[in-house]
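Enquirer: Sequence:
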Amino acid sequence: MAVLRERPYVQFNFLVDLGTGNTDGPEAGFQEISGIGMEVTVSEYRNGNERENSVRKITGLNKSTDVTLKRGVIGSLNLYRWLDQIRNGDQSAMRTVVISMQNEDHTAVVMTWKLLRARIIKHTSGPLNAKGTDVAMEELTLAYERLEME
Numbered sequence: 017m018a019v020l021r022e023r024p025y026v027q028f029n030f031l032v033d034l035g036t037g038n039t040d041g042p043e044a045g046f047q048e049i050s051g052i053g054m055e056v057t058v059s060e061y062r063n064g065n066e067r068e069n070s071v072r073k074i075t076g077l078n079k080s081t082d083v084t085l086k087r088g089v090i091g092s093l094n095l096y097r098w099l100d101q102i103r104n105g106d107q108s109a110m111r112t113v114v115i116s117m118q119n120e121d122h123t124a125v126v127m128t129w130k131l132l133r134a135r136i137i138k139h140t141s142g143p144l145n146a147k148g149t150d151v152a153m154e155e156l157t158l159a160y161e162r163l164e165m166e
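The numbering of the sequence shown is the working numbering, which starts it at 17 and goes up by one.
Since the hints were made in silico from the structure, they are not lab data. No residue lacks a Cβ here, since even glycine has one placed at the ideal position from N, Cα and C. Fair warning: there could be bad hints in the mix.
[Claimed, not checked] Cβ pair distances, simulated, as ranges:
no.	residue 1	residue 2	range
1	ARG72	THR39	40 to 48 Å
2	ASN69	VAL151	57 to 65 Å
3	PHE28	HIS139	18 to 26 Å
4	THR36	SER141	18 to 26 Å
[As the list claims (entries may be wrong)] With a straight-line cut-off of 16 Å between C-alpha atoms, the simulated EDC-like cross-links for lysine to aspartate or glutamate are:
no.	residue 1	residue 2
5	LYS130	ASP100
6	LYS138	ASP82
7	LYS73	GLU60
8	LYS130	ASP82
9	LYS86	GLU155
10	LYS138	GLU166
11	LYS86	GLU55
12	LYS138	ASP100
13	LYS73	GLU43
14	LYS86	GLU154
15	LYS86	ASP150
16	LYS86	ASP121
17	LYS130	GLU155
18	LYS79	GLU161
19	LYS79	GLU55
20	LYS79	ASP150
21	LYS130	ASP33
22	LYS130	GLU161
23	LYS73	GLU55
24	LYS138	GLU120
Generate the whole structure from the sequences, applying the supplied hints.
Expert: Here it is, written out as structure tokens:
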């Protein structure tokens, strides 16, 4: 699915599927996504009788970073309902979240990130300020077990 080209893609054309299959409308619209990533840990090991005075790097477990999504408050409770399922121990509440980057004219998906077994671990609303003119925002943080890219 990834589409290679010499000029980098712009970051502002993307779709989010929160595991519902819907990428249209305000409930699927996010202003910002940050922190998509993974890391592979290494363990250092050395035998006492090694001839080289250096350690071996042994590949260990992989870890996925938490992802933060931000959107304007739109009066929807879909994120709260999902979080409520998670905090009440519903194991079926884990979802596959798909983030798709589009080309400039929105005619093709050029890169996809799949967050497998994702769940909300934090939800924040605000700040609310009676003298402010900014859009009221809500932010959620997702933890997930595996990242796949296409």
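Enquirer: Indicate, hint by hint, whether the structure satisfies it.
Expert: Against the structure, the hints:
| no. | hint | verdict |
| --- | --- | --- |
| 1 | ARG72 / THR39: 40 to 48 Å | holds, 45 Å |
| 2 | ASN69 / VAL151: 57 to 65 Å | holds, 58 Å |
| 3 | PHE28 / HIS139: 18 to 26 Å | holds, 24 Å |
| 4 | THR36 / SER141: 18 to 26 Å | holds, 21 Å |
| 5 | LYS130 / ASP100 | violated, 23 Å |
| 6 | LYS138 / ASP82 | holds, 10 Å |
| 7 | LYS73 / GLU60 | holds, 5 Å |
| 8 | LYS130 / ASP82 | holds, 13 Å |
| 9 | LYS86 / GLU155 | holds, 4 Å |
| 10 | LYS138 / GLU166 | violated, 27 Å |
| 11 | LYS86 / GLU55 | violated, 23 Å |
| 12 | LYS138 / ASP100 | holds, 11 Å |
| 13 | LYS73 / GLU43 | violated, 45 Å |
| 14 | LYS86 / GLU154 | holds, 6 Å |
| 15 | LYS86 / ASP150 | holds, 14 Å |
| 16 | LYS86 / ASP121 | violated, 23 Å |
| 17 | LYS130 / GLU155 | violated, 19 Å |
| 18 | LYS79 / GLU161 | holds, 7 Å |
| 19 | LYS79 / GLU55 | holds, 5 Å |
| 20 | LYS79 / ASP150 | violated, 35 Å |
| 21 | LYS130 / ASP33 | holds, 10 Å |
| 22 | LYS130 / GLU161 | holds, 10 Å |
| 23 | LYS73 / GLU55 | holds, 15 Å |
| 24 | LYS138 / GLU120 | violated, 32 Å |
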